[in-house]
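**Student:** Same order as they appear, the protein sequences are chains G and X. Read in my numbering, the first sequence has 413 at position 413, and its numbers run on one by one without any break. Read in my numbering, the second sequence has 205 at position 205, and its numbers run on one by one without any break.
It is worth saying that the hints were derived from the structure and are not from the lab. Here the structure is a predicted model, which is why all the values come from computation and not from measurement. One should not assume that every hint holds.
[Stated by the list, open to error] Part of the chain G face toward chain X, derived, beta carbon under 7 Å: (1) A14; (2) G15; (3) K18; (4) Q23; (5) A26; (6) G33; (7) L36; (8) V40; (9) R46; (10) T72; (11) L287; (12) S305; (13) H310.
[What the hints assert, rightly or not] Covered, in the sense of this in silico footprint (three residues per stretch, anywhere, with C-beta under 8 Å from a C-beta of chain X), are these stretches of chain G: (14) 190-196; (15) 346-353.
Just so it is clear, CB atoms sit at the ideal spot from N, CA and C, and this is done for glycine as well.
Protein chains: 2
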Amino acid sequence: MKAQILVIGDELLAGKIKDANTQVIAKWLLKEGFELTRVVITGDERENLTQCLKLAWQDSDLVITTGGLGPTEDDITKLVIGEFFGGKLVENPKAKEMAIKNYARIDKEWSPDTNSYHLIPEGLEVVPNPAGLAPGLACAREGKLLLSAPGVPRELKAMLEGPFLELLDQHFPTRQNDQRLLTIRTVGIPEERIFFELMPNLWKELSQHGKVSSLPQIVGVDIHLTFKGSDKELQEKKRFWRERLEKSPLASYIWAYDLKPIEEVVLEKAREKNLKIAIAESCTGGLVAHRLTNIPGGSSHFYGSVVAYHNEVKTHILGVKKETLKEFGAVSVETAKEMAKGVINALQVDVAVSLTGIAGPGGGSEEKPVGTVCIGMANKNEVSAKRYNYRGGRDYLKLRFSEMGLHKLHNIINDLDVS
Amino acid sequence: MKAQILVIGDELLAGKIKDANTQVIAKWLLKEGFELTRVVITGDERENLTQCLKLAWQDSDLVITTGGLGPTEDDITKLVIGEFFGGKLVENPKAKEMAIKNYARIDKEWSPDTNSYHLIPEGLEVVPNPAGLAPGLACAREGKLLLSAPGVPRELKAMLEGPFLELLDQHFPTRQNDQRLLTIRTVGIPEERIFFELMPNLWKELSQHGKVSSLPQIVGVDIHLTFKGSDKELQEKKRFWRERLEKSPLASYIWAYDLKPIEEVVLEKAREKNLKIAIAESCTGGLVAHRLTNIPGGSSHFYGSVVAYHNEVKTHILGVKKETLKEFGAVSVETAKEMAKGVINALQVDVAVSLTGIAGPGGGSEEKPVGTVCIGMANKNEVSAKRYNYRGGRDYLKLRFSEMGLHKLHNIINDLDVS
Numbered sequence: 001m002k003a004q005i006l007v008i009g010d011e012l013l014a015g016k017i018k019d020a021n022t023q024v025i026a027k028w029l030l031k032e033g034f035e036l037t038r039v040v041i042t043g044d045e046r047e048n049l050t051q052c053l054k055l056a057w058q059d060s061d062l063v064i065t066t067g068g069l070g071p072t073e074d075d076i077t078k079l080v081i082g083e084f085f086g087g088k089l090v091e092n093p094k095a096k097e098m099a100i101k102n103y104a105r106i107d108k109e110w111s112p113d114t115n116s117y118h119l120i121p122e123g124l125e126v127v128p129n130p131a132g133l134a135p136g137l138a139c140a141r142e143g144k145l146l147l148s149a150p151g152v153p154r155e156l157k158a159m160l161e162g163p164f165l166e167l168l169d170q171h172f173p174t175r176q177n178d179q180r181l182l183t184i185r186t187v188g189i190p191e192e193r194i195f196f197e198l199m200p201n202l203w204k205e206l207s208q209h210g211k212v213s214s215l216p217q218i219v220g221v222d223i224h225l226t227f228k229g230s231d232k233e234l235q236e237k238k239r240f241w242r243e244r245l246e247k248s249p250l251a252s253y254i255w256a257y258d259l260k261p262i263e264e265v266v267l268e269k270a271r272e273k274n275l276k277i278a279i280a281e282s283c284t285g286g287l288v289a290h291r292l293t294n295i296p297g298g299s300s301h302f303y304g305s306v307v308a309y310h311n312e313v314k315t316h317i318l319g320v321k322k323e324t325l326k327e328f329g330a331v332s333v334e335t336a337k338e339m340a341k342g343v344i345n346a347l348q349v350d351v352a353v354s355l356t357g358i359a360g361p362g363g364g365s366e367e368k369p370v371g372t373v374c375i376g377m378a379n380k381n382e383v384s385a386k387r388y389n390y391r392g393g394r395d396y397l398k399l400r401f402s403e404m405g406l407h408k409l410h411n412i413i414n415d416l417d418v419s
Numbered sequence: 001m002k003a004q005i006l007v008i009g010d011e012l013l014a015g016k017i018k019d020a021n022t023q024v025i026a027k028w029l030l031k032e033g034f035e036l037t038r039v040v041i042t043g044d045e046r047e048n049l050t051q052c053l054k055l056a057w058q059d060s061d062l063v064i065t066t067g068g069l070g071p072t073e074d075d076i077t078k079l080v081i082g083e084f085f086g087g088k089l090v091e092n093p094k095a096k097e098m099a100i101k102n103y104a105r106i107d108k109e110w111s112p113d114t115n116s117y118h119l120i121p122e123g124l125e126v127v128p129n130p131a132g133l134a135p136g137l138a139c140a141r142e143g144k145l146l147l148s149a150p151g152v153p154r155e156l157k158a159m160l161e162g163p164f165l166e167l168l169d170q171h172f173p174t175r176q177n178d179q180r181l182l183t184i185r186t187v188g189i190p191e192e193r194i195f196f197e198l199m200p201n202l203w204k205e206l207s208q209h210g211k212v213s214s215l216p217q218i219v220g221v222d223i224h225l226t227f228k229g230s231d232k233e234l235q236e237k238k239r240f241w242r243e244r245l246e247k248s249p250l251a252s253y254i255w256a257y258d259l260k261p262i263e264e265v266v267l268e269k270a271r272e273k274n275l276k277i278a279i280a281e282s283c284t285g286g287l288v289a290h291r292l293t294n295i296p297g298g299s300s301h302f303y304g305s306v307v308a309y310h311n312e313v314k315t316h317i318l319g320v321k322k323e324t325l326k327e328f329g330a331v332s333v334e335t336a337k338e339m340a341k342g343v344i345n346a347l348q349v350d351v352a353v354s355l356t357g358i359a360g361p362g363g364g365s366e367e368k369p370v371g372t373v374c375i376g377m378a379n380k381n382e383v384s385a386k387r388y389n390y391r392g393g394r395d396y397l398k399l400r401f402s403e404m405g406l407h408k409l410h411n412i413i414n415d416l417d418v419s
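Generate coordinates for the entire structure from the input sequences, incorporating the hints supplied.
**Tutor:** Right under this line is the structure:
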């Protein structure tokens, strides 16, 4: 069963906002057994929108639209969908009731002067919005289904998890998902070395089990194997490939076989070994801590981070020696080591990493160009540091630095013998 | 002149990665005078991709594709583009030379066995990739232009700024951009109150000057007015609307008339008033500091942040009293005040905000539900704190908390009399 997404909004085409919904819907469709064949982003413009809707509807079993359902005059999705399916906007008692209830929820009184949330194209179904004010739409015709949600990510998510799921069950009750994904995640080795040097037959070998793709990540490469099968078959293939790869030259580069982010893996390992962790960050400016705190429930093991952006904070809070800064510079393995050791002492934790580097665009030199980062790794007894060089713009460098810092934290937690 | 973007990659349709390129290209197109009418995301699948290419080409003056130019077997963009324009893959001396040079840059030797980067569809132009290994493509026909770049964001950016810009200059030398944007940014007031209560004629009034759109932001609403005109006209309209709105009931809610993010505004104001700033973060876990350090060159005024995720860090480093935590809880205006004051003392700065709240999904109670945040605001002499309640999932709440924290920091810097 094929699906398409229609993302509607001038603000997307003008580059004012980033499309946050496609990935969410794509994952949901995969889970629900649909193959997403196309995503079209288009503006709040009648003719263009109608054409996109026509193309999407003719090629799919399910079309999901997001955006253009708000109260302001540029929101024309409801109008266009109505025209396409031949229904004029008419007062819908269910929609009116929803509007009154939704406004009561935010202690407001709704009236037909407030907006046109009570008007729905004739013959179409109004869909409740559990997290917002603008209702959604549904239209079932020719064994196909169209679902319309507002573009606000929080509201879209709530609709996918609630009313849209019910509508799928109603209209596609026999659907099933037999798509399975096996992931092999590596770090510290480029794509081409994997497939052309270390294991020149890997792609072909994997292809016998399904569709292969190779995805360069922030500081590593993920290999994905997609196939149709059962969960049992997935487990079997996982076991097979784990054993196959453990004896391969790729073994030491593999860090996971599932899609959990490195920050989640770090927190799981810290919990397993009952270790307290902390970070000292200069160039990443809080990003490592931000990523660790994106995972719920981490506060029992992740204690905190000292973002020592100014050198005075490095000396005051982390106890980095002024002489070290003077002799080796803020971006040096020496400073990284003192930062890592310093945060262990200040926050009274078991393990820590520190990051000090140059994210650019300014601040680079011939000896220490933009992209240089020194990562310190410490436990209560030992400290070491290593220097890396990356390429990229400021945002990307911060991300790469933080990713490598988390991998280093993973390593020191793994290496620590707590038995 | 009309443009379309074709984003190619199975990993996007499977929801494995987020499309990071569309926004970048959309901004670039706007700047270069093109109207982006549609973005299509599709997979590495021959038939579908060919159809998308055909549709994009027939309706546009410029088509940009990203993705599917890598070395692995699922990368078929080059093949499909070749077929569409009627050119078989042939050895291209310029492409071969590029491959050899690019590999030399990373201290590797390239040979035709390494990959097929030397093969380019007959009649098409190879485009250098300043930041990566896989070259791009260009095809000029019927007064139109197709440009193909790899999907890696860093490489795409480098191509847009370099070789693609040169190709635009060559093929569309007379293009000009007369699109202008006026922005009115508000905080602390919902969309419907602006347009239906406070200023019911605003939308109509603005519409006389151009196309209006209203964009709810993380904790506020941006109003955009787009029109065709000169920079001088933009300045005139800006002056007009500034004066008009300063006397309106909306005045106290407006915080900016341009698109700079709040973190950049904060750093500019801190520089203007020569103030040292710091953050104490619990629930935002480093996000406020991360955002401030996304702006280059801030280290002279942004000193750092203490991410006090565990309560022990709140007491050890920030000097929050154990009794305060016991009596009022970690999420309280009392704790927020002590955190703000504490980070001013610990990091020896002039102004600071603190954030302590519940980002969920766990940890909420009836009295303090998920979405509660207490924000402390301090300068060297005064401290205050305020409690807010937001709705949303964990990621979104962290973002909203951080946004409000930055607005509060903006306020205390604005209010501080340093004359």
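**Student:** Now tell me, hint by hint, if it's right for this structure.
**Tutor:** Taking the hints in turn, this is what the structure says about them:
1. Below 7 Å, beta-carbon pairs count as interface contacts, and A14(G) has one with chain X at about 6 Å; its hint therefore holds.
2. Here the hint on G15(G) is kept, as its CB sits about 3 Å from the closest CB of chain X, short of 7 Å.
3. A cut of 7 Å between beta carbons decides the hint on K18(G): the least distance to chain X is about 5 Å, and the hint holds.
4. A cut of 7 Å between beta carbons decides the hint on Q23(G): the least distance to chain X is about 5 Å, and the hint holds.
5. Nearest Cβ of chain X to the Cβ of A26(G): about 3 Å, under the 7 Å cut. The hint holds.
6. With its C-beta approaching chain X no nearer than about 13 Å, G33(G) sits outside the 7 Å limit, and its interface hint is violated.
7. Residue-level restraint check for L36(G) holds (minimum Cβ-Cβ distance to chain X is 5 Å; threshold 7 Å).
8. Given the 7 Å rule on beta carbons, the hint for V40(G) holds: about 5 Å separates it from the nearest Cβ of chain X.
9. Residue-level restraint check for R46(G) is violated (minimum Cβ-Cβ distance to chain X is 13 Å; threshold 7 Å).
10. Nearest Cβ of chain X to the Cβ of T72(G): about 5 Å, under the 7 Å cut. The hint holds.
11. The closest approach between the C-beta of L287(G) and any C-beta of chain X is roughly 5 Å, which is under the 7 Å cut-off, so the hint is satisfied.
12. A least Cβ separation of about 4 Å between S305(G) and chain X falls short of the 7 Å threshold, and the interface hint therefore holds.
13. Checking H310(G) against chain X: minimum C-beta separation of about 4 Å stays under 7 Å; hint holds.
14. For the stretch 190-196 of chain G, the stated coverage by chain X is satisfied: 4 residues place a CB nearer than 8 Å to a CB of that chain, which reaches the threshold of 3.
15. With 3 residues bearing a CB less than 8 Å from a CB of chain X, the stretch 346-353 of chain G meets the requirement of three and the coverage assertion stands.
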